[in-house]
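Colleague: Going down the list, the protein sequences come from chains A, B, C and D. One gets our numbering by counting positions in the first sequence from 1 and adding 573 to each. One gets our numbering by counting positions in the second sequence from 1 and adding 573 to each. One gets our numbering by counting positions in the third sequence from 1 and adding 573 to each. One gets our numbering by counting positions in the fourth sequence from 1 and adding 573 to each.
These are calculated hints, taken from the structure and not from any lab test. Just so it is clear, CB atoms sit at the ideal spot from N, CA and C, and this is done for glycine as well. Each hint should be verified, as a subset may be incorrect.
What follows is a set of in silico ranges between Cβ atoms, one per label pair, in the way DEER data are often shown [unchecked claim]:
{"no.": "1", "chain 1": "B", "residue 1": "H851", "chain 2": "D", "residue 2": "E868", "range": "57 to 63 Å"}
{"no.": "2", "chain 1": "D", "residue 1": "S871", "chain 2": "B", "residue 2": "Q642", "range": "46 to 52 Å"}
{"no.": "3", "chain 1": "A", "residue 1": "P864", "chain 2": "B", "residue 2": "H637", "range": "38 to 44 Å"}
{"no.": "4", "chain 1": "D", "residue 1": "R638", "chain 2": "C", "residue 2": "L725", "range": "27 to 33 Å"}
{"no.": "5", "chain 1": "A", "residue 1": "R613", "chain 2": "D", "residue 2": "N801", "range": "53 to 59 Å"}
{"no.": "6", "chain 1": "B", "residue 1": "E835", "chain 2": "C", "residue 2": "K608", "range": "48 to 54 Å"}
{"no.": "7", "chain 1": "C", "residue 1": "N603", "chain 2": "D", "residue 2": "N801", "range": "47 to 53 Å"}
{"no.": "8", "chain 1": "C", "residue 1": "R644", "chain 2": "D", "residue 2": "S871", "range": "34 to 40 Å"}
{"no.": "9", "chain 1": "C", "residue 1": "L725", "chain 2": "D", "residue 2": "N761", "range": "55 to 61 Å"}
{"no.": "10", "chain 1": "C", "residue 1": "N603", "chain 2": "D", "residue 2": "T774", "range": "23 to 29 Å"}
{"no.": "11", "chain 1": "B", "residue 1": "Y726", "chain 2": "D", "residue 2": "S871", "range": "24 to 30 Å"}
Taking lysine-lysine and the DSBU-like style, the derived pairs with C-alpha atoms no more than 35 Å apart in a straight line are [unchecked claim]:
{"no.": "12", "chain 1": "A", "residue 1": "K698", "chain 2": "D", "residue 2": "K693"}
{"no.": "13", "chain 1": "C", "residue 1": "K698", "chain 2": "D", "residue 2": "K608"}
{"no.": "14", "chain 1": "A", "residue 1": "K693", "chain 2": "D", "residue 2": "K770"}
{"no.": "15", "chain 1": "C", "residue 1": "K693", "chain 2": "D", "residue 2": "K770"}
{"no.": "16", "chain 1": "C", "residue 1": "K686", "chain 2": "A", "residue 2": "K693"}
{"no.": "17", "chain 1": "D", "residue 1": "K698", "chain 2": "A", "residue 2": "K608"}
{"no.": "18", "chain 1": "D", "residue 1": "K770", "chain 2": "D", "residue 2": "K716"}
{"no.": "19", "chain 1": "B", "residue 1": "K693", "chain 2": "B", "residue 2": "K829"}
{"no.": "20", "chain 1": "A", "residue 1": "K698", "chain 2": "D", "residue 2": "K698"}
{"no.": "21", "chain 1": "D", "residue 1": "K608", "chain 2": "C", "residue 2": "K693"}
{"no.": "22", "chain 1": "B", "residue 1": "K698", "chain 2": "C", "residue 2": "K819"}
{"no.": "23", "chain 1": "A", "residue 1": "K698", "chain 2": "B", "residue 2": "K698"}
{"no.": "24", "chain 1": "C", "residue 1": "K606", "chain 2": "D", "residue 2": "K698"}
{"no.": "25", "chain 1": "D", "residue 1": "K686", "chain 2": "C", "residue 2": "K606"}
{"no.": "26", "chain 1": "C", "residue 1": "K693", "chain 2": "C", "residue 2": "K819"}
{"no.": "27", "chain 1": "A", "residue 1": "K606", "chain 2": "D", "residue 2": "K770"}
{"no.": "28", "chain 1": "C", "residue 1": "K836", "chain 2": "C", "residue 2": "K819"}
{"no.": "29", "chain 1": "B", "residue 1": "K716", "chain 2": "A", "residue 2": "K698"}
The following residues of chain C were derived to be distant from chain D, with all beta-carbon distances above 12 Å [what the hints assert, rightly or not]:
{"no.": "30", "residue": "E610"}
{"no.": "31", "residue": "T617"}
{"no.": "32", "residue": "K647"}
{"no.": "33", "residue": "S729"}
{"no.": "34", "residue": "G732"}
{"no.": "35", "residue": "A776"}
{"no.": "36", "residue": "D821"}
{"no.": "37", "residue": "E835"}
{"no.": "38", "residue": "R844"}
{"no.": "39", "residue": "R845"}
Protein chains: 4
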Amino acid sequence: MLIGKAYRSGGLVRWCGVQPLACLFTSSSNMAKSKFEYVRNFETDDTCLRNCYIVVRLDGRNFHRFAEQHRFTKPNDNRALGLMSRSARSVMEELEDIVIAYGQSDEFSFVFKRTSTWFKRRASKIMTHVASQFSSSFVFYWKEFFGEQPLLYPPSFDGRVVLYPSNRNLKDYLSWRQADCHINNLYNTVFWTLVQKGGLTTAQAEDRLKGTLAADKNEILFSEFDINYNNESDLHKKGTTLIWEKRDEIVTKRMKLPNEEEKDVAVTRSRRRVEAYHCDIIGDQFWEEHPDILEDNSC
Amino acid sequence: MLIGKAYRSGGLVRWCGVQPLACLFTSSSNMAKSKFEYVRNFETDDTCLRNCYIVVRLDGRNFHRFAEQHRFTKPNDNRALGLMSRSARSVMEELEDIVIAYGQSDEFSFVFKRTSTWFKRRASKIMTHVASQFSSSFVFYWKEFFGEQPLLYPPSFDGRVVLYPSNRNLKDYLSWRQADCHINNLYNTVFWTLVQKGGLTTAQAEDRLKGTLAADKNEILFSEFDINYNNESDLHKKGTTLIWEKRDEIVTKRMKLPNEEEKDVAVTRSRRRVEAYHCDIIGDQFWEEHPDILEDNSC
Amino acid sequence: MLIGKAYRSGGLVRWCGVQPLACLFTSSSNMAKSKFEYVRNFETDDTCLRNCYIVVRLDGRNFHRFAEQHRFTKPNDNRALGLMSRSARSVMEELEDIVIAYGQSDEFSFVFKRTSTWFKRRASKIMTHVASQFSSSFVFYWKEFFGEQPLLYPPSFDGRVVLYPSNRNLKDYLSWRQADCHINNLYNTVFWTLVQKGGLTTAQAEDRLKGTLAADKNEILFSEFDINYNNESDLHKKGTTLIWEKRDEIVTKRMKLPNEEEKDVAVTRSRRRVEAYHCDIIGDQFWEEHPDILEDNSC
Amino acid sequence: MLIGKAYRSGGLVRWCGVQPLACLFTSSSNMAKSKFEYVRNFETDDTCLRNCYIVVRLDGRNFHRFAEQHRFTKPNDNRALGLMSRSARSVMEELEDIVIAYGQSDEFSFVFKRTSTWFKRRASKIMTHVASQFSSSFVFYWKEFFGEQPLLYPPSFDGRVVLYPSNRNLKDYLSWRQADCHINNLYNTVFWTLVQKGGLTTAQAEDRLKGTLAADKNEILFSEFDINYNNESDLHKKGTTLIWEKRDEIVTKRMKLPNEEEKDVAVTRSRRRVEAYHCDIIGDQFWEEHPDILEDNSC
Chain A
574 MLIGKAYRSG GLVRWCGVQP LACLFTSSSN MAKSKFEYVR NFETDDTCLR NCYIVVRLDG
634 RNFHRFAEQH RFTKPNDNRA LGLMSRSARS VMEELEDIVI AYGQSDEFSF VFKRTSTWFK
694 RRASKIMTHV ASQFSSSFVF YWKEFFGEQP LLYPPSFDGR VVLYPSNRNL KDYLSWRQAD
754 CHINNLYNTV FWTLVQKGGL TTAQAEDRLK GTLAADKNEI LFSEFDINYN NESDLHKKGT
814 TLIWEKRDEI VTKRMKLPNE EEKDVAVTRS RRRVEAYHCD IIGDQFWEEH PDILEDNSC
Chain B
574 MLIGKAYRSG GLVRWCGVQP LACLFTSSSN MAKSKFEYVR NFETDDTCLR NCYIVVRLDG
634 RNFHRFAEQH RFTKPNDNRA LGLMSRSARS VMEELEDIVI AYGQSDEFSF VFKRTSTWFK
694 RRASKIMTHV ASQFSSSFVF YWKEFFGEQP LLYPPSFDGR VVLYPSNRNL KDYLSWRQAD
754 CHINNLYNTV FWTLVQKGGL TTAQAEDRLK GTLAADKNEI LFSEFDINYN NESDLHKKGT
814 TLIWEKRDEI VTKRMKLPNE EEKDVAVTRS RRRVEAYHCD IIGDQFWEEH PDILEDNSC
Chain C
574 MLIGKAYRSG GLVRWCGVQP LACLFTSSSN MAKSKFEYVR NFETDDTCLR NCYIVVRLDG
634 RNFHRFAEQH RFTKPNDNRA LGLMSRSARS VMEELEDIVI AYGQSDEFSF VFKRTSTWFK
694 RRASKIMTHV ASQFSSSFVF YWKEFFGEQP LLYPPSFDGR VVLYPSNRNL KDYLSWRQAD
754 CHINNLYNTV FWTLVQKGGL TTAQAEDRLK GTLAADKNEI LFSEFDINYN NESDLHKKGT
814 TLIWEKRDEI VTKRMKLPNE EEKDVAVTRS RRRVEAYHCD IIGDQFWEEH PDILEDNSC
Chain D
574 MLIGKAYRSG GLVRWCGVQP LACLFTSSSN MAKSKFEYVR NFETDDTCLR NCYIVVRLDG
634 RNFHRFAEQH RFTKPNDNRA LGLMSRSARS VMEELEDIVI AYGQSDEFSF VFKRTSTWFK
694 RRASKIMTHV ASQFSSSFVF YWKEFFGEQP LLYPPSFDGR VVLYPSNRNL KDYLSWRQAD
754 CHINNLYNTV FWTLVQKGGL TTAQAEDRLK GTLAADKNEI LFSEFDINYN NESDLHKKGT
814 TLIWEKRDEI VTKRMKLPNE EEKDVAVTRS RRRVEAYHCD IIGDQFWEEH PDILEDNSC
């Protein structure tokens with residue numbers, strides 16, 4: 574009989590702590606498990622309201638420090654921005670139902686379509702998966718953008734979920750982020766120009782910019798440094814918008830001819846892939862040119 | 574005047590889409606931003622109920638496939654388990670207020686103390702940060718455990734938050750996970766022994782184990798393969814428990830003597846660090862030996 | 574000195590329980606209160622997502638028993654239906670921002686406009702207030718509908734909140750309730766006709782109707798009892814829809830003439846009041862005739 | 574055939590609006606209903622976290638106005654307080670699992686036991702049912718307390734749900750409400766004494782009390798009006814606490830004797846009923862005397 578054998582052989586299960594549970598665990602571990610299983614009922618349902626866009630926004634944690642330690646160029650580091658976009662693309666390719674993503678600085682927003690039933694619309698699953706895929710990609714693709722410069726420690730991002738019931742609300746969300754990009758980039762461009770070319774200390778530059786409007790900042794750049802802000806990189810001024818696009822690709826397929834011979838034939842295949850834009854998404858033009866991104870409001 | 578200059582120079586701001594917003598953006602981008610800022614009000618407050626333990630559990634996404642593609646050994650891959658623990662340690666060291674973490678297979682649970690006010694107890698921030706830090710660490714430390722074997726793609730984990738109001742509920746949660754570890758490991762140990770040593774196909778092994786109890790599985794291992802399950806590795810049978818412990822360290826400090834000379838002196842310093850255990854946490858002994866992990870129920 | 578006096582006069586504060594708190598409560602009750610005030614932080618924010626219709630639906634609790642005990646006529650009691658509508662009207666008149674309400678049987682749904690900021694959109698406040706106002710009105714207006722027949726005990730209703738992001742979703746919600754009304758009323762009409770006019774027992778009537786379609790039920794009424802269901806009361810077939818309507822009223826106002834005399838003058842005044850409809854709200858006509866109920870989807 | 578008949582008889586279903594749905598509703602109303610039924614999925618799960626006390630607090634809406642219009646006596650109206658308690662008792666008797674209720678002024682709190690599974694712990698159902706039963710009872714029992722003085726309009730109460738994980742938290746919640754009762758009652762007692770006996774206007778009384786501590790208020794009552802606050806009614810100073818208590822009742826039962834005769838016998842029967850206390854619940858004594866109210870913290 575098993576139990577006899579078990580004890581003869583010194584006790585089949587030796588727990589480092591508790592003796593009384595030993596028998597329980599040899600003969601009825603399933604029972605033990607089910608005794609504890611009531612704890613599952615403490616989970617709460619956090620299903621996202623139907624027919625709303627689900628937006629997940631990630632923000633870098635302590636990226637000021639991270640940028641310092643990895644010697645990011647000021648005011649923008651194209652390697653870092655490239656890595657952010659590469660990671661966002663990885664998220665879009667791995668997760669279903671993201672129709673548009675927008676990023677700037679150390680943040681990225683992902684928009685799931687209104688009718689998505691991915692992960693049963695469970696907010697916690699959706700946002701943790703986005704945060705996880707983005708973060709592992711950031712480390713994974715580091716070398717593609719920073720080459721031999723080592724990543725000193727694993728960075729992290731926090732996230733949140735916000736729901737938007739209408740197309741107008743969603744566009745306004747994205748406009749809010751792009752307006753934020755514009756304001757910050759203009760400020761940073763002037764600030765670092767004053768420091769790097771104007772010889773000001775950072776404190777002096779801060780002082781100089783206190784209370785200035787956008788127009789004043791443009792003027793400083795133009796009159797003092799001969800820089801037309803308008804000519805600055807769209808990547809920096811407008812951020813990065815990622816969408817799915819269908820592209821025709823010509824691929825070679827091996828086909829069998831009637832006479833049983835085989836032959837390579839060029840075939841046109843339509844493929845969906847993630848494309849990046851650095852353009853205005855506040856106005857109507859972008860949305861008119863890409864009418865498939867948003868769903869019909871009348872549903 | 575700026576506006577004149579601006580237009581003279583070709584238009585200070587050229588948006589790829591919309592013209593009417595141009596002026597808005599040169600002279601009053603802050604106003605534009607504030608016009609969209611109402612979208613912030615769509616964020617909902619997901620503060621965790623006070624005086625409850627906050628548990629974040631991460632689970633690997635498609636880890637069956639991930640294990641295949643990275644040729645994990647069966648039934649347990651110690652490199653992978655080591656990397657999981659290393660990543661969990663990184664989470665504990667980076668985030669505040671985690672008092673205990675428990676992991677097995679491709680999952681890890683993190684317990685924040687009842688009184689934590691970290692991130693203002695916002696569930697979304699807490700769980701995304703845990704998922705992010707864990708995932709970036711998993712890629713970052715890959716080489717430490719897998720050496721030259723390359724990581725083929727960035728893996729991901731999803732997470733959830735569960736609240737437990739009492740010490741009993743929390744212990745039962747951890748017991749539930751450890752009982753799960755035990756059941757799965759016993760099954761997997763027998764299954765892969767039947768395949769690897771017994772020459773069965775995986776389908777035959779599955780058949781053979783259908784309907785067997787824990788006792789039956791122990792018996793198969795013992796009588797057919799001369800394996801005492803009890804002697805198997807505690808890492809596999811009990812999983813990994815991480816807690817904070819104070820350790821005395823002897824460090825050398827340079828001190829100034831009264832006669833102005835300097836001298837190296839050995840000093841004992843108490844330091845908190847994360848320690849790993851592979852022992853039973855279902856019974857009382859573990860908790861009695863570490864009375865500081867849980868807070869008093871009477872609060 | 575107060576404390577002296579206090580004790581001389583037998584102890585200013587005599588708590589039936591605890592002595593030590595006495596001093597605390599004479600001299601610093603505010604302090605005592607603030608010591609406990611931390612419990613407020615356990616309240617959670619349940620703000621309804623912006624830009625969604627807020628629907629509160631009430632359902633009678635144990636109304637089967639209530640109907641029996643108050644001898645409601647079968648299949649419909651017009652006194653009870655009238656009282657339900659009267660109570661719903663009281664809710665609409667007391668609470669702000671309800672644009673439409675729909676009721677049938679022992680249930681009533683109230684729709685708050687998408688842009689409502691009433692009660693800061695706090696779900697708990699909104700639904701409890703609706704439930705409370707409805708219930709107190711039900712008892713208050715009982716006599717208007719039941720005359721001398723006494724109300725035997727205070728009835729109760731439970732409620733819930735549901736959010737609908739689009740006009741389509743909201744209309745479909747109301748259609749769902751009206752379709753439910755139709756199905757139940759047709760069933761009940763045939764059922765009670767079989768019992769009251771056909772002489773069947775309730776068990777026999779139930780049996781007879783098992784598996785029948787709407788067409789079959791119409792046929793039973795028509796061929797066996799010469800009843801055209803179509804001619805039945807719209808109140809029963811379609812339920813009650815309450816909306817706000819502007820009505821011109823002629824009121825008498827006392828006005829001062831140029832010669833200082835006063836005179837009564839008939840003045841037309843536009844007043845909003847709640848109007849009841851018993852008509853189809855599933856099709857488009859109702860909505861086309863009342864275009865002001867719903868807000869524009871494009872916002 | 575039905576359809577023929579239907580149309581012959583003028584169309585079986587005549588919708589006041591839409592024609593096309595007519596057929597749909599005669600032959601397949603269930604289908605129509607199920608087409609709309611997707612709207613149920615917009616309901617969200619608001620289950621209360623397990624193992625926490627569920628507190629529902631009701632507050633009178635515009636009770637200042639209500640008190641004026643119904644000429645409540647100042648500073649306390651015993652008829653109104655009696656009616657509040659009567660309504661609360663009605664809630665306790667109708668709803669399951671309320672272990673204690675506490676009321677003062679125009680508010681009442683109801684505490685459901687930690688392990689309650691009533692209404693599947695759905696917050697919305699629980700709080701609306703409490704609000705509804707309380708409100709209908711308030712109107713229903715009005716006459717018992719106000720006699721011939723008529724209720725002028727149906728009053729309403731709003732409610733909220735708060736969860737408390739531990740006995741300490743729950744007691745602190747109740748202490749918070751009782752401390753609030755004490756502070757308000759002391760203030761109101763002095764205020765209305767100054768007005769009613771001291772001849773001050775309400776503005777003068779308010780001025781007089783600005784910045785005074787509890788001790789000052791006691792002193793005003795004692796030295797100027799010879800009132801020892803301590804001797805004031807406990808109902809006003811401590812509010813009303815309702816709990817369940819077992820009482821032995823002697824009832825008469827008709828029993829059959831061995832000789833087949835029948836006889837009335839006095840039998841002691843234990844019955845649970847709601848009892849009211851007006852005593853301190855901040856200190857330990859009340860809880861020690863009623864150890865059954867709260868559940869064990871160790872669960």
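Colleague: The structure should be examined with respect to each hint, and the outcome stated for every one.
Modeller: Going down the list of hints, with the structure as the test:
1. B:H851 to D:E868: 57 to 63 Å: Violated - the Cβ-Cβ distance for H851 of chain B and E868 of chain D, about 36 Å, lies outside 57 to 63 Å.
2. D:S871 to B:Q642: 46 to 52 Å: The hinted range 46 to 52 Å holds for S871 of chain D and Q642 of chain B, with Cβ atoms some 47 Å apart.
3. A:P864 to B:H637: 38 to 44 Å: At roughly 40 Å between Cβ atoms, H637 of chain B and P864 of chain A fall inside 38 to 44 Å, so the hint holds.
4. D:R638 to C:L725: 27 to 33 Å: 31 Å, holds
5. A:R613 to D:N801: 53 to 59 Å: 58 Å Cβ-Cβ, so the 53 to 59 Å window holds.
6. B:E835 to C:K608: 48 to 54 Å: 53 Å, holds
7. C:N603 to D:N801: 47 to 53 Å: 21 Å, violated
8. C:R644 to D:S871: 34 to 40 Å: For S871 of chain D against R644 of chain C, whose Cβ atoms are near 52 Å apart, the range 34 to 40 Å is violated.
9. C:L725 to D:N761: 55 to 61 Å: 38 Å, violated
10. C:N603 to D:T774: 23 to 29 Å: At roughly 26 Å between Cβ atoms, T774 of chain D and N603 of chain C fall inside 23 to 29 Å, so the hint holds.
11. B:Y726 to D:S871: 24 to 30 Å: 48 Å, violated
12. A:K698 to D:K693: 24 Å, holds
13. C:K698 to D:K608: 32 Å, holds
14. A:K693 to D:K770: 67 Å, violated
15. C:K693 to D:K770: Given pair K693 of chain C, K770 of chain D is violated - Cα atoms ~42 Å apart, limit 35 Å.
16. C:K686 to A:K693: 28 Å, holds
17. D:K698 to A:K608: Holds, because 29 Å separates the two Cα atoms, which is no more than 35 Å.
18. D:K770 to D:K716: 31 Å, holds
19. B:K693 to B:K829: Violated: K693 of chain B and K829 of chain B sit about 45 Å apart, past 35 Å.
20. A:K698 to D:K698: The given pair, whose Cα atoms are some 27 Å apart, holds under the 35 Å limit.
21. D:K608 to C:K693: 33 Å, holds
22. B:K698 to C:K819: 49 Å, violated
23. A:K698 to B:K698: Cα-Cα ~13 Å, so holds.
24. C:K606 to D:K698: 31 Å, holds
25. D:K686 to C:K606: Satisfied, since the Cα-Cα distance of roughly 24 Å is no more than 35 Å.
26. C:K693 to C:K819: 27 Å, holds
27. A:K606 to D:K770: 71 Å, violated
28. C:K836 to C:K819: 27 Å, holds
29. B:K716 to A:K698: Since the Cα atoms of K716 of chain B and K698 of chain A sit roughly 28 Å apart, the hinted pair holds (cutoff 35 Å).
30. E610: Not fine: 6 Å to the nearest Cβ puts E610 of chain C too close to chain D.
31. T617: Not fine: 8 Å to the nearest Cβ puts T617 of chain C too close to chain D.
32. K647: K647 of chain C clear of chain D: closest Cβ-Cβ about 21 Å, beyond 12 Å.
33. S729: S729 of chain C is in fact no farther than 12 Å from some Cβ atom of chain D, at 4 Å.
34. G732: 4 Å, violated
35. A776: Holds, because the least Cβ-Cβ distance between A776 of chain C and chain D comes to about 23 Å, which exceeds 12 Å.
36. D821: 24 Å, holds
37. E835: At roughly 32 Å from the nearest Cβ of chain D, E835 of chain C sits farther out than 12 Å, so the non-interface label holds.
38. R844: Fine: 20 Å to the nearest Cβ keeps R844 of chain C off the interface.
39. R845: Non-interface label stands for R845 of chain C: nearest chain D Cβ at 19 Å, farther than 12 Å.
Of the numbered hints given earlier, the model fails hints 1, 7, 8, 9, 11, 14, 15, 19, 22, 27, 30, 31, 33, 34; all others are met.
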